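Protein chains: 2
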Amino acid sequence: MTVTLEKVNVEAQAIEAKKAAKALLTLTTEEKNQALITLADTIEANFETILKANEADLQNGREKGFEDAFMDRLALTKERVFDFAKGLREVAELEDPTGHALSDWTLDNGLNVQKVTVPLGVIGMIYEARPNVTVDATGLALKSGNAIVLKGGSNAIHSNRAIVEVMHQGLEKTAIKKEAVQFIDSTDREATQQLFTMKEHVDVLIPRGGGKLIQAVVNNATVPVLETGVGNCHIYIDVDADVEKALNIMINAKTDRPAVCNAAETLIVHEAWLNENKDALIAALNENGITVHGDDTVVEMIPGSVPAGEADWKNEYLSLDIAIKTVSDVQGAVDHIEEYGTKHSEAIVTENDAIATTFLNLVDAAAIYHNASTRFTDGGALGFGAEIGISTQKLHARGPMGLPALTTVKYLMRGTGQIR
Amino acid sequence: MTVTLEKVNVEAQAIEAKKAAKALLTLTTEEKNQALITLADTIEANFETILKANEADLQNGREKGFEDAFMDRLALTKERVFDFAKGLREVAELEDPTGHALSDWTLDNGLNVQKVTVPLGVIGMIYEARPNVTVDATGLALKSGNAIVLKGGSNAIHSNRAIVEVMHQGLEKTAIKKEAVQFIDSTDREATQQLFTMKEHVDVLIPRGGGKLIQAVVNNATVPVLETGVGNCHIYIDVDADVEKALNIMINAKTDRPAVCNAAETLIVHEAWLNENKDALIAALNENGITVHGDDTVVEMIPGSVPAGEADWKNEYLSLDIAIKTVSDVQGAVDHIEEYGTKHSEAIVTENDAIATTFLNLVDAAAIYHNASTRFTDGGALGFGAEIGISTQKLHARGPMGLPALTTVKYLMRGTGQIR
Chain A
1 MTVTLEKVNV EAQAIEAKKA AKALLTLTTE EKNQALITLA DTIEANFETI
51 LKANEADLQN GREKGFEDAF MDRLALTKER VFDFAKGLRE VAELEDPTGH
101 ALSDWTLDNG LNVQKVTVPL GVIGMIYEAR PNVTVDATGL ALKSGNAIVL
151 KGGSNAIHSN RAIVEVMHQG LEKTAIKKEA VQFIDSTDRE ATQQLFTMKE
201 HVDVLIPRGG GKLIQAVVNN ATVPVLETGV GNCHIYIDVD ADVEKALNIM
251 INAKTDRPAV CNAAETLIVH EAWLNENKDA LIAALNENGI TVHGDDTVVE
301 MIPGSVPAGE ADWKNEYLSL DIAIKTVSDV QGAVDHIEEY GTKHSEAIVT
351 ENDAIATTFL NLVDAAAIYH NASTRFTDGG ALGFGAEIGI STQKLHARGP
401 MGLPALTTVK YLMRGTGQIR
Chain B
1 MTVTLEKVNV EAQAIEAKKA AKALLTLTTE EKNQALITLA DTIEANFETI
51 LKANEADLQN GREKGFEDAF MDRLALTKER VFDFAKGLRE VAELEDPTGH
101 ALSDWTLDNG LNVQKVTVPL GVIGMIYEAR PNVTVDATGL ALKSGNAIVL
151 KGGSNAIHSN RAIVEVMHQG LEKTAIKKEA VQFIDSTDRE ATQQLFTMKE
201 HVDVLIPRGG GKLIQAVVNN ATVPVLETGV GNCHIYIDVD ADVEKALNIM
251 INAKTDRPAV CNAAETLIVH EAWLNENKDA LIAALNENGI TVHGDDTVVE
301 MIPGSVPAGE ADWKNEYLSL DIAIKTVSDV QGAVDHIEEY GTKHSEAIVT
351 ENDAIATTFL NLVDAAAIYH NASTRFTDGG ALGFGAEIGI STQKLHARGP
401 MGLPALTTVK YLMRGTGQIR
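Same order as they appear, the protein sequences are chains A and B.
When you line the first sequence up against UniProt numbering, it's residues 1 to 420, in that order.
When you line the second sequence up against UniProt numbering, it's residues 1 to 420, in that order.
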């Protein structure tokens, strides 16, 4: 049933990962932390090897004429490689998410029941051409006692291969078997697809990247998926919004880092507020070089704006473009978000607490803000230490996923012969 | 894209459910509890209508020559219908799983972050011909603030239709819209399949029934699935097992209710223990009318046993059959469970705590027992009050799923103009 690809045998690698995951179950927190520190040291010591491999990817990228943003995410420097190592050391400092008794009680018959956090097992990480994910995901997986199967974007394959080789060298000196980190060394799509259905050996798939990648995994995988990250986020300016707060929040959410998933893509604005504060809004948009795609009211009111269509309401621009929609009340905002939002981060700006409560209660998203920018939906900003991604689904984990998202539970039942 | 079936429009029903789920968000715990009590009253008052409809299903079942166990699960009596009502009243007594702040902290910049439990939204329940699930699942869904779309087995369609009609009558008198309970009134497989991919309107699918039903959902759904219940459970009798405990536990796990998912299907036994306690084991098996399918050692040692093949190690007999496998150490037991277990419930019997710890640590299952019967993996037995099923997957919920499994979280972020 398994097709063996030219260079790789994905199933064999997943089986090796599973075995290594079993061995990880017997390690102490200290052994895992020490391994992460050794990995960090090894990466630093071998940064030149990694940079040399990265040059091959960059060369290839230049030949293919990739856009600047793509090349920027692909490019490594000594500083960036040392940041990978720093990230691993930070993960070593975090609390071990496994081995916690979430509850512990004894039944009347004397049977003790403990609900304990344990590693998921084997994590399949499917991601685009961002070499940092290779290190970040490995660090989080190992710290939480999981093995990982890495399938990165083809355009970073030289960098990823070199990083994994270096990490394997590092792991040789630790209590963690190097088989706990598997690298699918293939640019063949079939290799990725094999992971989708490898339920016996892979416990969860985590896709990280654009909407297309994520949907391909969600639609084709029988292995459970932790869906991450597409963010079509909205700011709703209510009739009772403070003007300064509203403009600050809108500008920050749109322009601070337009390319990230917690950036705002659509402004929903109460028509009465717009009538009153049109000039201030126009000035703020112009000062920040924002292109407006608006509904009829907006196009009439805001000079230079272009008409927004269905595609705009759905669009994750990831640029200095914004769609603007006018509504006559909070329900209009809630309905628009229900139709077009991606359940990531949504904000209301208002001084009316009752309206804010309605919004917080009715909007269905991972994070819902009252009078603050959507940019805080981030593991780092919230103090989670590190994140494997931002979940936009409802099961298992929602919002920024730190180490606990990489665990499951076991019920441990200790008795003295109890029967039913 | 949506195919309208002869009698039903599944998408339209799912959309109605989604709307009703939004309305549920604004109800108080008291309003939900009162609705459950009214449902219970209405079911009791209309028990004859339900029994009459059930007679049509029973008649159909007799004509089709269904086996006794099937007919028993299908058959309703006044007492059973009143038990449904009692179940609803018990759910009304349980703690509301929504609206709990699981954490609450304030960032240095003053942004308050609350992680709050909220309903999942719309639950798609796909189940076999067991009318009790229609009521039980509805009660748990409504209590946790969710709407539910019910797709029961075709052979219970008259009973299910009558139960839902009665519940709709009841809901008319409550704060919950009757659209929160949708019944797919069709025996067409296509109707079930439409639910599989209705990601926009259905938040989770919960299949309850045999392995085939569950695998059909897992393999074809793009809506996230809470996988429940197939239990190929093992009892491992270690060399250091107390004879009385071992036999009591094995017999209880096998014979107390052979047809349930937490019953034992395979006995793994240490060869040295078997050599020493062969006669006691044989006596216990014979007394309880258990048929043994064994490996070579067992067939040689236990009179009347038949050779076990690959199919036996995988089989969820759900009868008084047991497979018996001999091993030379705990690792042999762990490996056998890893290969053939369904990650439900697994037990070790031993007086050696170190060996028990190894087993508890290495076996990958929802519930792992030391010196107790696997029969305790049950929401009722563990004091959860009620369960929607027993999860054998690792994400979101594992083991018996009570009301909290039907919730997700939202991060509510309350600020005063914070930007990043």
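Take these hints with a grain of salt, some might be off.
The list treats identical chains as interchangeable, and a pair is accepted whether it falls inside one copy or across any two copies.
As a list, the in silico DSS-like pairs of lysine-lysine whose alpha-carbon atoms are at most 25 Å apart [as the list claims (entries may be wrong)]:
#	residue 1	residue 2
1	Lys314	Lys199
2	Lys52	Lys212
3	Lys314	Lys22
4	Lys177	Lys278
5	Lys115	Lys314
6	Lys19	Lys314
7	Lys115	Lys178
Since the hints were made in silico from the structure, they are not lab data.
What you are looking at is a predicted structure, and each value in this text was computed from that prediction instead of being measured.
Going through the hints against the structure:
1. For a Cα distance limit of 25 Å, the shortest separation of Lys314 from Lys199 across copies, 16 Å, qualifies, whereas the shortest one inside one copy, 33 Å, does not.
2. Taking CA atoms no more than 25 Å apart as the test, Lys52 paired with Lys212 passes in neither setting, with 30 Å inside one copy and 52 Å between copies.
3. In this assembly of identical chains, the alpha carbons of Lys314 and Lys22 lie at most 25 Å apart only when taken from different copies (22 Å versus 44 Å within one copy).
4. In this homomeric assembly, Lys177 and Lys278 never come within 25 Å of each other (Cα to Cα): the closest approach is 62 Å inside a single copy and 41 Å across copies.
5. Taking CA atoms no more than 25 Å apart as the test, Lys115 paired with Lys314 passes in neither setting, with 42 Å inside one copy and 27 Å between copies.
6. For a Cα distance limit of 25 Å, the shortest separation of Lys19 from Lys314 across copies, 21 Å, qualifies, whereas the shortest one inside one copy, 43 Å, does not.
7. Proximity of Lys115 and Lys178 under a CA criterion of 25 Å is satisfied in neither setting, with 30 Å inside one chain copy and 37 Å between copies.
When each numbered hint is compared with the structure, violations occur for hints 2, 4, 5 and 7.
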